[in-house]
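Chemist: Chain by chain, the residues:
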Amino acid sequence: MMADEFTVKLDAYLDGELPSSEMKAIDAHVRDCPPCAADVLIRVQMKRAMQAAGKRYSPSPEFRQRIQQQIASRPRQWASRAWMAASAVMAILLIAGILNSYIGRERLEQEHAFSEVADLHVAALASPNTVDVASSDRHTVKPWFQGKIPFTFNLPELQNTEFTLVGGRIAYLGQAPGAELIFQVRKHYVSVFIFQEHAAPALRSGSGVRKHVSFNYETWTEGGLRYIAISDTTGDDISKLAELLKAAAKS
Amino acid sequence: MEVAKDRLTAAAFEELAMPLFDQLYNFAHWLTKERSEAEDLVQETYAKALRGLASFQPGTNFRAWMYRILRNTFLTSRTGLKVASTVPLDADDAPEIPSSAGTPESIFIEKSQEHLLQTAIDELPLHFREVLLLCEVEEMSYQEIADALSIPIGTVMSRLSRARRALRELLQKKLGGS
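Sequence order for the protein chains is A and B. Be aware that the first sequence starts at 0, since it is given in numbering that gives the first Met the number 0, and climbs by one per residue. Be aware that the second sequence starts at 0, since it is given in numbering that gives the first Met the number 0, and climbs by one per residue.
Rather than coming from a laboratory, the hints here were simulated on the basis of the structure. Ideal Cβ placement from N, Cα and C applies to all residues, glycine included. Certain hints may be false.
Below are the EDC-like pairs computed for lysine to aspartate or glutamate, each with C-alpha atoms no more than 20 Å apart in a straight line [stated by the list, open to error]: (1) K210(A) <-> D236(A); (2) K54(A) <-> E36(B); (3) K47(B) <-> E36(B); (4) K46(A) <-> D121(B); (5) K54(A) <-> E13(B); (6) K8(A) <-> E122(B); (7) K81(B) <-> E113(B); (8) K47(B) <-> D118(A); (9) K47(B) <-> D14(A); (10) K46(A) <-> E143(B); (11) K46(A) <-> E122(B); (12) K54(A) <-> E113(B); (13) K46(A) <-> E33(B); (14) K23(A) <-> D121(B); (15) K54(A) <-> E110(A); (16) K54(A) <-> E138(B); (17) K46(A) <-> E43(B); (18) K32(B) <-> E14(B); (19) K46(A) <-> E38(B).
Away from chain B, derived, C-beta distances all over 10 Å, residues of chain A [as the list claims (entries may be wrong)]: (20) T6; (21) V7; (22) S19; (23) A36; (24) M49; (25) K54; (26) F62; (27) I66; (28) S134; (29) Q174; (30) S250.
Facing chain A, according to a computed beta carbon distance under 10 Å, are these residues of chain B, among others [to be verified]: (31) G79; (32) V136; (33) E138; (34) S160; (35) A165; (36) R167; (37) E168.
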């Protein structure tokens with residue numbers, strides 16, 4: 000009778016996922032243990048049967064064509080343009096064009112990322128449950144995120160400031176989970192999003208507060224995390240809150 | 000399938016994503032159990048991946064990224080939400096139930112009933128079905144599976160073991176425990 004831990008190991012052994020020293024140990028054991036050898040044989044046969052049975056469904060040719068068209072339209076247009084511009088006379092213009100489109104695309108991606116963030120901010124405020132954890136106590140809000148997002152962060156002490164913490168919720172950007180913290184300043188709400196830096200590669204830190212579709216926002220990185228503060232309040236408020244958050248992150 | 004370029008372009012995306020088409024469709028059909036839903040799911044996955052190219056982290060596994068998008072899209076679909084709500088939250092912490100004696104696989108393999116195995120896979124709870132398919136059919140490494148399902152490797156290992164056990168038990172039941 001094999002222990003459960005051993006069964007997990009045996010599975011990992013057959014999946015080729017054990018370190019070589021453990022592989023050798025299991026090899027040796029299986030050779031000397033007929034019940035285990037029989038079990039291994041059955042598991043191998045089962046793996047093969049699963050492999051065949053699992054490849055059950057195939058897409059129709061029409062569907063394949065549809066997807067191919069969906070994802071090929073943009074690069075093909077680019078390719079044909081590039082071909083047309085490939086003459087020697089056009090070479091310089093082509094380089095200038097590529098540079099220009101690269102810069103343009105960067106700007107577009109940046110705009111797109113900020114639009115998504117603005118959407119998240121508006122969606123949270125429009126929701127009947129603006130926050131999933133409602134508390135002005137940072138010692139309640141921060142632990143609530145434990146196990147829900149793959150990182151942690153520090154929240155500032157807000158006593159003697161104009162800001163109050165309303166609460167927090169989970170937000171997603173680029174398929175990655177992050178934290179959305181909602182603060183209040185006078186009658187305005189500020190969303191502060193915190194994601195891992197790679198979740199929003201299009202976002203670039205700039206100096207101070209900027210504007211996007213009439214929202215003021217500031218974004219910066221600290222310790223591998225991307226912070227974005229966004230609100231309809233004044234740029235001055237956002238920059239004050241950003242400073243508090245930056246100081247808390249460094250503490 | 001590690002992508003080490005600075006930025007994934009739309010042209011490179013086509014080259015990387017189209018070879019995954021058949022397997023993504025197969026996986027989608029196993030999840031949704033229905034052709035038109037599987038097609039919608041795959042189509043949305045490609046559209047989302049193309050839109051979100053900037054969020055793909057160069058140097059990481061592209062295949063796992065595509066599967067993650069597909070699975071997240073499925074989980075937020077109507078069918079996915081229904082299925083996910085029936086999965087016990089502590090599925091990975093539940094104590095192991097010792098499997099009863101007998102080797103259903105040997106009986107099964109002797110009988111070569113592929114259809115029976117497919118029905119059994121279909122009946123597995125989603126979290127078991129997906130981990131087994133990614134391991135056995137897609138032949139993903141544990142790390143890739145962990146990336147695709149956004150779970151730790153230790154969970155991949157224990158879940159796989161439980162999934163195999165559950166499949167054995169289902170087969171045993173189907174074979175009448177003989």
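Chemist: Hints first: check each against the structure and report whether it holds.
Modeler: Hint check results:
With a C-alpha separation of about 14 Å, the suggested pair K210(A) and D236(A) falls inside the 20 Å cut-off, and the hint holds. Taking the CA atoms of K54(A) and E36(B), the gap is about 18 Å. The hint holds against a cut of 20 Å. Distance check on the hinted pair: K47(B) and E36(B) sit about 16 Å apart at the alpha-carbon level, within 20 Å; holds. Proximity of K46(A) to D121(B) is assessed by CA-CA distance (about 16 Å); at most 20 Å being required, the pair is judged to hold.
Our distance criterion of 20 Å between C-alpha atoms is broken by K54(A) and E13(B), whose separation comes to about 23 Å. Between the alpha carbons of K8(A) and E122(B) the distance comes to roughly 26 Å, so the proposed pair goes past 20 Å and is violated. With a C-alpha separation of about 28 Å, the suggested pair K81(B) and E113(B) falls outside the 20 Å cut-off, and the hint is violated. Only pairs whose Cα atoms come within 20 Å are accepted, and K47(B) paired with D118(A) is accepted, the gap being roughly 17 Å.
A threshold of 20 Å between alpha carbons decides the hint, and for K47(B) with D14(A) the separation of about 32 Å lies outside it, so the pair is violated. Of the pairs offered as hints, the one joining K46(A) and E143(B) holds, with about 18 Å between alpha carbons and a cut-off of 20 Å not exceeded. For the hint linking K46(A) to E122(B), the alpha-carbon distance of about 18 Å falls within 20 Å, and the restraint holds. Using a Cα cut-off of 20 Å, the hinted pair K54(A) and E113(B) holds, with the two alpha carbons roughly 11 Å apart.
For the proposed pair K46(A) and E33(B), the alpha carbon gap of about 25 Å is over 20 Å, so the pair is violated. Under the criterion of a C-alpha separation no larger than 20 Å, the hint pairing K23(A) with D121(B) is inconsistent with the structure, at around 35 Å. The hinted pair formed by K54(A) and E110(A) fails the criterion: a straight-line CA distance of about 42 Å is larger than 20 Å. Restraint check: the Cα-Cα separation between K54(A) and E138(B) comes to about 12 Å, which is no more than 20 Å; the hinted pair holds.
With a CA separation close to 31 Å, the supplied pair K46(A) and E43(B) exceeds the 20 Å bound. At roughly 28 Å between alpha-carbon atoms, K32(B) and E14(B) are farther apart than 20 Å, so this suggested pair is violated. At most 20 Å may separate the alpha-carbon atoms for a hinted pair to count; K46(A) and E38(B) exceed this at roughly 27 Å. For T6(A), the shortest C-beta to C-beta distance to chain B comes to about 6 Å, within the 10 Å cut-off, and the non-interface label is violated.
A cut-off of 10 Å between C-beta atoms contradicts the statement that V7(A) is not in contact with chain B; the least separation is 5 Å. With 10 Å as the threshold on Cβ separation, the claim that S19(A) sits away from chain B holds: the shortest Cβ distance comes to roughly 15 Å. Distance to chain B confirms A36(A) as a non-interface residue, since its nearest Cβ pair spans about 13 Å, more than 10 Å. A cut-off of 10 Å between C-beta atoms contradicts the statement that M49(A) is not in contact with chain B; the least separation is 4 Å.
A cut-off of 10 Å between C-beta atoms contradicts the statement that K54(A) is not in contact with chain B; the least separation is 6 Å. Not every CB of chain B lies more than 10 Å from the CB of F62(A), the least distance being 5 Å, so the non-interface label is violated. Once the 10 Å rule is applied to beta carbons, I66(A) is inconsistent with being away from chain B; the minimum gap is 6 Å. Every Cβ of chain B is farther than 10 Å from the Cβ of S134(A); the closest lies at roughly 24 Å, confirming the non-interface assignment.
Under the 10 Å C-beta cut-off, the non-interface status given to Q174(A) relative to chain B is violated; the minimum distance is some 6 Å. With a closest Cβ-Cβ approach of about 29 Å to chain B, S250(A) is found to remain outside the 10 Å limit, as its non-interface label requires. Contact between G79(B) and chain A, as hinted, is not supported at the beta carbon level, the nearest pair being about 15 Å apart and thus beyond 10 Å. Interface restraint check: V136(B) against chain A, minimum CB-CB distance 3 Å, threshold 10 Å, status holds.
With a cut of 10 Å, the hint placing E138(B) at the interface with chain A holds, because the nearest CB-to-CB distance is about 8 Å. The beta carbon of S160(B) comes within 5 Å of a beta carbon in chain A, closer than 10 Å, and the hint placing it at the interface holds. Annotation: A165(B) was flagged as interfacial toward chain A, and the flag is violated, the nearest CB pair being 13 Å apart, outside 10 Å. Nearest Cβ of chain A to the Cβ of R167(B): about 8 Å, under the 10 Å cut. The hint holds.
The interface hint given for E168(B) is violated, since its Cβ lies 13 Å from the closest Cβ of chain A, which is over the 10 Å cut-off.
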